[in-house]
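Below, each chain spelled out in residue letters.
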Amino acid sequence: MYAWTLIVVLLMVMALAYHLGRKRAIASAGGVTQINTLHSLPSYYGLYAAIWAGLPALLLMGLWFGFQDQIVTSLVTANLPAEMLDGQSSGRVGLILNDIKNLATGNIVSATVTPEVQAAADQYARLARIANWAMWLAVLAVAVGGMAYAWLRTEPQMRARNRVESIFKFIMITFSSIAILTTLGIVLSVVFESFRFFQMISPLEFFLGTNWSPQIALRADQVGASGAFGAIPLFTGTLMVSLIAMLVAVPIGLMSAIYLAEYAPRNVRSIAKPVIEVLAGIPTVVYGFFAALTVAPLIRDLGALAGLNVASESALAAGLVMGIMIIPFVSSLSDDVINAVPQSMRDGSYALGATQSETIRRVIIPAALPGIVGGILLAVSRAIGETMIVVMAAGLSANLTANPLDSVTTVTVQIVTLLTGDQEFDSAKTLAAFALGLTLFLVTLVLNVIALSIVRKYREQYE
Amino acid sequence: MSKPTLNAPQAPVRRTIDIVNASLKRRHAQERRFRRIGAIAVALGLAFVVLLFADIVGKGYTAFQQTYLQLPIELSAEKIDPAGTREPETLSTADYMAPIRAALRQQFPEVTERRELRQLYSMVSVGAPQFLREQVMENPDLIGTTQEVWVLADDDIDMLVKGQIDRHAPEESRRVNDRMLGWVEHLEEQGRIEKRFNTIFFTQGTSREPELAGIAGALMGSFYTLLLTLILSFPIGVGAALYLEEFAPKNRWTDLIEVNVNNLAAVPSIVFGLLGLAVFIGFFGAPRSTPLVAALVMTLMTLPTIIIASRVALKSVPPSIREAALGVGASPLQTQFHHVLPLALPGMLTGAIIGMARALGETAPLLMIGMIAFIVDIPSGFTDAATVLPVQIFLWADSPERGFVERTSAAIIVLLAFLFLMNLVAVLLRRRFERRW
Amino acid sequence: RDSIYIVGSSTVFPFSTAVAETFGRTLGYNTPKVESTGTGGGMKLFCAGVGVDHPDITNASRRMKASEFENCQQAGAKEITEVKIGFDGIAIANSKSAKHIDLTLKDIYLALAKDVPDADGKFVPNPNKTWKDVNAALPDAKIEVLGPPPTSGTRDAFVELAMEGGCNSFPELKALKKSDEKKHKAVCQGIREDGAYIEAGENDNLIVQKLVSNKNALGIFGYSFLEQNADKVQGAKIDGIAPTYDTISDGSYPISRSLYFYVKNAHVATIPGIKQFVTEFTSDKAFGPEGYLADKGLIALPDAERASVAKSAKALTPMSKPE
Amino acid sequence: MNITVDEMEKMTGAMSSAELASERHSRTTVGDFTAADPRMTCRNVDVWYGSKQAINGVSLDIGKNEVVSMIGPSGCGKSTFLRCLNRMNDTIDGCRVTGSIQLDGQEIYDKSLDPVPLRAQVGMVFQKPNPFPKSIYENVAYGPRIHGLTNSKAELDELVESSLEKAGLWKEVKDRLDQPGTGLSGGQQQRLCIARTIAVSPEVILMDEPCSALDPIATAIIEELIDELRANYSIAIVTHSMQQAARVSQRTAYFHLGDLIEVGETNQIFTNPQHRLTEDYITGRFG
Amino acid sequence: MNITVDEMEKMTGAMSSAELASERHSRTTVGDFTAADPRMTCRNVDVWYGSKQAINGVSLDIGKNEVVSMIGPSGCGKSTFLRCLNRMNDTIDGCRVTGSIQLDGQEIYDKSLDPVPLRAQVGMVFQKPNPFPKSIYENVAYGPRIHGLTNSKAELDELVESSLEKAGLWKEVKDRLDQPGTGLSGGQQQRLCIARTIAVSPEVILMDEPCSALDPIATAIIEELIDELRANYSIAIVTHSMQQAARVSQRTAYFHLGDLIEVGETNQIFTNPQHRLTEDYITGRFG
Ligand SMILES: Nc1ncnc2c1ncn2[C@@H]1O[C@H](COP(=O)(O)OP(=O)(O)OP(=O)(O)O)[C@@H](O)[C@H]1O
Ligand SMILES: Nc1ncnc2c1ncn2[C@@H]1O[C@H](COP(=O)(O)OP(=O)(O)OP(=O)(O)O)[C@@H](O)[C@H]1O
Ligand SMILES: [Mg+2]
Ligand SMILES: [Mg+2]
Ligand SMILES: O=P([O-])([O-])[O-]
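Chains as they are written, first to last, in my numbering: chain W, -14 to 448; chain U, -15 to 421; chain V, 16 to 338; chain D, 15 to 301; chain F, 15 to 301.
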């Protein structure tokens, strides 16, 4: 609660800093009529001041929040009678302190309140209050200090725009590196476990084996499955389900993008597009139920009519429904890029006597290709990463089959099943999840590299 | 002028127009086919939405009503407020179940056997006294009077009244036995059973009793999670896309980042959960089961989507616009913010819509960070323990009680309404910025 | 932290949450936070240590293992109270519109085992395609059983009780248990992976609904789902016993298991309400045969056992190391 | 050859709106707008962009085997009028065309008329070069391909080469036919667009300032081409260079603020304009 | 005034690569490329697009208060060279510039140099008009706004008006300043871009065929503007019209296939070219 008020106050200080910085810049230039002697627009000086007022203060506030409780707690702990802490583990001390905090904040407490505890709670409450005040003071002081600093530095020659822009650029670089950090985090969090996995199971078996049955016993008294770790059926399963999904999503998505961007009246487009986008947000549980209870039986019955032997869980059902889910990834992104192709391209084609569909197929789609591929890649990615639908509609058994009417399982499904049940980090079973994760990561990486080079090759830059 | 024949091409054997006319029928057929396929594709897309909606709404709309029983309840002063002080303390701790049960007994005086009585009592919800208490506390004058009160029915009765339980099915395959059915029919004849709008569903947190279960907690959880996700992921995604597409030097390193971002999109969501568990909860000690951690995980998960969509959008802005701005001396940043971003914004919003939609519907990574939990209290901040809509749906879908079936669908309806609302804002924004050049 | 933190089995989750809710509503404490992590996952979190960040209680659909107990000890959670709360029956059911089917454990074993002994007692990959192959008295329908995946406690229990039970109906296999326990486990508990047994995810509702749309299939799921969906599915009699409250409660229905929760005593004094929670859980109005948990599908312990459980739970008597 | 500011004042002054209003009576087209053997006939064509009228009741014919040039100050509606002739205005939101425009006696704005063969017959070179983001080769091959004008790869190669040759671009690009057309210089792009248009051998060609970005040599090549094409086809060309109009066209039409002010034999227009506005414009240039 | 096909053959033949190779020795710049009082000095500038060299070691100065015109056949590298002068080539992928280009003695390709103030100082009108997809007013007001050139709305209005006026566009657009700049005619767009550039009063102005889409009257206005601007600023203009070059510029540079062939006083270049290529080009036009 207090944090919010402080943030609001800080925002007000920043606004003030902006205003003052701006005015100061104008004044230093010698008045409104002279602002062209400034290096940058006055508003940049304002922004500069606002950043100086806001950023350090916010950082300080973040740090304070991170450490205040720790410091106050250690002060309180130091004052607790020694016998209360003697021989206690840190977890225990934590519990005692938790009790003290509960008492201090007026929550229900567990046991009888001893005088020591009461005293400690009082001290805690007092210290917390003081710390809170101190934070306000410190943060505001830093804010005002930053403002003053910016104020002092404001002079016509100061390259305010460059400074502000470097800060923005720095922020943007930081943002970009989040993607890298995430990857790093993911790789780091799977690579060691994968390594241990490959020490137990030979990579040869993993990559070339065609039998997947990883649920080996975790405990001595448990009996698991045969414990085969051939990942090929998982990858073929992933491939098949994704392929089916893409066979649904790409034509429907692309064609509806084309229709909406090129043929449909504006108001139809403005309604249909967001409605189709809803498909991306329906929880996968819903799709799972839909696939398992509506689509799969339908396919089975149809198959039976045609004299085919269809498993009640089929890759086809999961793939079809997954395809529906990812339609918007293809349609919306493609629609945007198609819409962004300059009109002069269309004009050029029409003027040669091309029909609208020829124009679309031969000029607009190629011109919009990088974006369309981007959308398709996103859709593929989503298909590869989806679990719930497959679990519910295609089952969990790893069949090596090319028949979409059979049940299959996918890499991600196995990862989820291996990770959500009982885990044991020295059993090949749990580690297999990490090996799968890493392999999937690498496989998709290779696919992405290929996709990128293809897009590069066919990229058509208009103008 | 030189002689026209000098370099003249051989006149085409046939006039272009003849060739064109000859192929016209085929090309128009092609055109019509193409167009029709497009229309069919859109229709299919819309049909899927409608189908799923019809399915969900058909299953879920009944949850927006809840069965109540009307009972003449004697709020005797001795029982509720023996001292007559009307102190809130006393009023709130009084036993309100007793008068309800008494009223039931009074309705069916013939029921005396213990087992039967238990069944009779089970017709009202265990939550009914709580609402009676609220009424009394609000209006203490009721004490000492006998009031006709609508009390909350148990979920089995609710299901029966709504027809989810078939009254004509044989007794052993029905959760409501013949005796209870008789009581219900008796009350129905007297007009003492009514379906009313289910406010509980919208105002309460979850519960193990279907009739008491509400969506408010999960809704707020989703709200906080998505708010924070949006606040974090949109600027970060757009910022990263801007940097990568417009500022970063084009070299192997940025290629690597590009591939990398694309690849992150294909990382199964549960892996993001693992990462969040290890980094945010394990390393930074962020509190488990909170919107804060969920939002951080969701941010990492949606970032690739937003970055990719934004880059695509930036790519499709013609370079001449950038040149024009740079040419009058705008800085690259100004060029981006004043000219390129507004033109790319529709595409970026699309990315945000899709990313947010996914974040709204995602369950798997949340399993890892402790959000699959029974949390009754409605969260009031980013660091309160909370659950979110899809997880709530997941949990309800796995509950044995029949009453949760319709509530699951109703929760999905709420989620979709939430989604529509979110889309609406983005769509309005998108429309403002969309233009062709 | 001012509320109890519970983790553990998804099977116990519905009961634990029901108590948590009542506890919060009636006793004025904050409603405990209950996380469904699976028994093993719960044990891991529970035994990770003592302190505000660690759970106070874990639910389990099986007893705590010796190794898990060891972990707890090492992490400082020395005193742990074990509370047995009741039974859970595992039903084998099919759609109500299909023919009722009665099975023996032996049928189940022969239908679902990975390898079965052939005429001369040699183990061959399960050749049975239809129920008729298993037992001439059964219908001539494809074997198609929807059941939980190996990650689920229900599956563990099913394997231990039904499969091993069926396995032991072969005298020579029963004898094997004495001579070569490992081999015995392997042959008795392995479930076939050729598609006759379909791992259908951990959502029992989904299995129920799949049964409705697939008349040939049988499903394996908890008793509470059978009870709630009595109009849609019917439970098969096992060895002549139908899955009902009474048969499970008195132990005559062969596929049932016990459910537990474990309390970290070290937290009792410092986290408000743990004791009261345990008391509430073990009160007759909760886990008694007439209690609200019975409504949720929990099958109560016999009276005598219940009383002793309640007593030692209230006293928070620490358990000894399980064998 | 320089014009003084005073002269300019006079010129622009001549167009000030007050004066124009008083001259309104004289804004019906001077001269004979018909052609002896017309391919295209336009009668009373009005064009609106939204509520703004860009063309007021223009009537003009384009005859067989003739080049008609359209001149007039910037923004007077030349491009707009030209775009009417093959219905390119259809693609502009809010653009409305009324009146009658016929090709070989066939009303082109007829609801039932198919713009596809129309545009194959009436080709157009746009004012701003707009090559497709494809290779140079594909840019030229695009039209023949969609219409199926050639039967073999060799024939197509030949057609591409001859079209580029005619547009005077072959030498410059023959080594890089597979490189994107968008990576060409401004004038090269313009010639590429010309090559693209003539590759489908349209019978009426509309050229909107085809030589604006071209140097004199390249201009000469294009003018040569126009002359050559005239033998078989009809051409309407918008140009700002009166010399060019004089060189290539048989008839000239002078537009002013949406009106067709005067039309006639090119010689006659440039030597003896009838309307004051035409005269002002021409002498403004030559004075 | 017409050139025959034969003559043309000769001309283009003169440029055939074999012959060019033999002439290579003579492709060092003829004439004095320095200016007495230079604002910009370029020395040995090479430009590559990927592996293709578009400019070969060009050295050229642009003096204070002078207009330098650049002429040469289409595709010879005029735009490329012009774009080097305010580092607009930075935006083209794979474009590399070497050599020295200085503005007031400051190396503009210096790593430490900020291209933003450079571009504010060295304005540019592009070959293809590229108005922002914003209103006409915003198009012109954009530059002054970001540079803070005006202090009030009124002042800005005035600046917008005067810039449009100078570009000869004010009369045509004054009633629709709030309409999109992309809805203008080709010539109007071009003038809008000129107005946009001069609104920030750059000290060096680079104009890439600023009058290519303009009628003679509008051209005259722009030429007048150039003349006026010269009093204070330096201007480099690319043009295909030799008359225009002769009218507006003091010095002229003739480019050919990436080489600066000849540079000198405009009068002298047009009356007495030293290099055969220059002569061919000029006489090809005038012949
Ligand atoms: N972006 C580009 N990528 C590759 N090559 C290019 C690019 N831009 C121009 N070129 C090539 O560089 C050479 C010089 O082009 P430039 O645009 O400078 O010519 P120019 O003299 O301006 O011609 P024009 O008068 O036709 O505009 C040409 O051969 C052209 O094809
Ligand atoms: N898309 C459009 N929307 C609105 N007005 C337009 C549009 N295109 C052109 N105009 C207006 O219509 C009038 C005629 O434009 P048009 O392009 O026909 O002129 P033009 O004669 O070709 O001029 P230029 O020689 O400059 O190309 C101009 O006033 C112009 O501003
Ligand atoms: Mg025009
Ligand atoms: Mg150029
Ligand atoms: O969650 P489980 O009870 O299946 O371990």
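Keep in mind the hints are simulated off the structure, nothing from the lab.
Small disclaimer: the values here were computed from a predicted structure and weren't measured.
All C-beta atoms in this analysis are idealised placements derived from N, C-alpha and C, irrespective of residue type, glycine included.
One thing to keep in mind: the hints can contain errors.
What the hints assert, rightly or not - Derived, one-sided and incomplete: chain D residues facing chain U with beta-carbon distance under 7 angstroms:
| hint | residue |
| --- | --- |
| 1 | Ser126 |
| 2 | Pro129 |
| 3 | Ala134 |
| 4 | Gln135 |
| 5 | Gly162 |
| 6 | Leu163 |
| 7 | Ser166 |
| 8 | Val214 |
To be verified - Which bits of chain V does chain W cover? Going by a derived footprint, with three or more residues having C-beta under 8 angstroms, they are:
| hint | region |
| --- | --- |
| 9 | 60 to 66 |
| 10 | 115 to 121 |
| 11 | 157 to 167 |
| 12 | 281 to 295 |
Said to hold, decoys possible - As a list, the in silico BS3-like pairs of lysine-lysine whose alpha-carbon atoms are at most 27 angstroms apart:
| hint | chain 1 | residue 1 | chain 2 | residue 2 |
| --- | --- | --- | --- | --- |
| 13 | D | Lys66 | F | Lys180 |
| 14 | V | Lys198 | U | Lys63 |
| 15 | V | Lys247 | U | Lys179 |
| 16 | U | Lys146 | V | Lys247 |
| 17 | F | Lys167 | W | Lys8 |
| 18 | V | Lys80 | V | Lys93 |
| 19 | F | Lys167 | D | Lys188 |
| 20 | D | Lys78 | W | Lys442 |
| 21 | V | Lys111 | U | Lys146 |
| 22 | V | Lys111 | V | Lys137 |
| 23 | U | Lys234 | D | Lys148 |
| 24 | V | Lys121 | V | Lys197 |
| 25 | F | Lys185 | D | Lys66 |
| 26 | D | Lys148 | D | Lys125 |
| 27 | W | Lys154 | F | Lys125 |
| 28 | V | Lys300 | V | Lys197 |
| 29 | V | Lys144 | V | Lys247 |
| 30 | V | Lys121 | V | Lys59 |
| 31 | U | Lys43 | V | Lys300 |
| 32 | W | Lys442 | U | Lys234 |
Earlier hints that do not hold, by number: 1, 2, 7, 10, 14, 19, 20, 22, 26, 28, 30, 31
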